[in-house]
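Q: So in the working numbering, the last spot in the sequence shown is 281, and the numbers never skip.
Incorrect hints may appear among the rest.
[Unchecked claim] Simulated restraints, written as ranges between beta carbons of each label pair:
1) Glu177 <-> Ser133: 16 to 22 Å
2) Leu234 <-> Gly165: 22 to 28 Å
3) Asn46 <-> Glu91: 28 to 34 Å
4) Leu277 <-> Tyr29: 41 to 47 Å
5) Glu177 <-> Ser275: 38 to 44 Å
[Stated by the list, open to error] Here are the simulated lysine to aspartate or glutamate pairs, EDC-like style, with alpha carbons at most 20 Å apart:
6) Lys160 <-> Glu10
7) Lys146 <-> Glu105
8) Lys210 <-> Glu177
9) Lys92 <-> Glu10
10) Lys73 <-> Glu23
11) Lys73 <-> Glu127
Just so you know, these hints were derived from the structure itself, not from any lab. Built from N, CA and C at the ideal position, the CB exists for glycine as well.
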Amino acid sequence: MNPWSKEEVEAIVADYFLMLCRELKGESYSKMDHRNRLVEKLTPRNAGSVQKKYQTISAALLALNLPYIRGYKPLDNYQTLLIEQIDVHLEKHPEIVGVLTAYAERSLLAPVQRDLFFRATVVDPPEPHPPESGNKERLLRKIMKKYTFVTAEANNSDLKEAGKGFVLDLERARLREEGSLRMADRIEQISAKRASVAPYDILSYECNEKPLFIKVKTTSCGMRFPFSLSAAELAFSAANPDSYRLYRLFDFPEAPRLFILKGRLYDWIRLIPESFLARVE
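Work out the full structure: start from the sequences and follow the hints.
A: Structure, rendered in structure tokens:
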């Protein structure tokens, strides 16, 4: 089948954002109805082709550090045209950016789903994902600078505190399951006053009483969604490789899971420049 035309990409991008906005606002909708209507509009595109295109839109949004529809798992190999049309659509519809920002900044009113079985909640870290190259990477970097979803979510105190509380309970449950009741009682969440200078959020322990310095990074998005790091956090992980843990809590609070990065963060991550410290010389 021929590559997707500009008109086809415009149509499916618009439809995708209709669904995404409804999802982020907590409104019900039918993915199947949207897909079927689009198949009729984009003949001869079939349901499978439309489904895959929705997934490539998810991948493009992830690359732009923006949330995507949970039911459409990111599928790479998206066109540059797709990135361009996402940018055009968001420029034309600033109300969509408003929905994204409101979602990042929202208060958590519903109780958090707690499944405190450590082995069921913790998953393996995602496989390394090579960056895009050439013109596509330059275009992504240019567009992603326009949006601040990651920063807005990182500054959401409700989300941060709820995530820390979840991990605190999870760590206590882990140690109790392992028979270390005394160590479970010693776990400590760092106070807000100390947290401003301490590069970790929770002081936990192994069964053998070895301390664990846990930093919690919480997102409502998927496991590959980017997160912010400070220079102090990076340095502390390098100075304490045997006891440092970063808990990346994702799909929170609807279906919380997490993966753990152990030791030096430099060994796990690719850093993306976002801001600079400047001085006039």
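Q: Now tell me, hint by hint, if it's right for this structure.
A: Status of the hints after comparison with the structure:
Restraint check, Glu177 to Ser133: a C-beta distance of roughly 45 Å breaks the suggested window 16 to 22 Å. At about 25 Å, the CB distance of Leu234 to Gly165 agrees with the hint of 22 to 28 Å. Between Asn46 and Glu91 the CB atoms are about 31 Å apart, so this pair conforms to the stated range of 28 to 34 Å. With their beta carbons about 44 Å apart, Leu277 and Tyr29 fall inside the hinted range of 41 to 47 Å.
The supplied range of 38 to 44 Å is met by Glu177 and Ser275, whose beta-carbon atoms lie about 41 Å from each other. For the given pair, Lys160 sits about 36 Å from Glu10 by alpha-carbon distance, which is inconsistent with the 20 Å threshold. Pair hint Lys146 plus Glu105 holds up; C-alpha atoms about 17 Å apart against a cutoff of 20 Å. Between Lys210 and Glu177 the CA atoms are separated by roughly 17 Å; this keeps the pair inside 20 Å, and the hint holds.
Taken as a hint, the Lys92 and Glu10 pair is honoured in the structure, with Cα atoms around 12 Å apart against an allowance of 20 Å. For the hint linking Lys73 to Glu23, the alpha-carbon distance of about 15 Å falls within 20 Å, and the restraint holds. This hinted pair checks out: Lys73 and Glu127 have alpha carbons roughly 15 Å apart, not beyond 20 Å.
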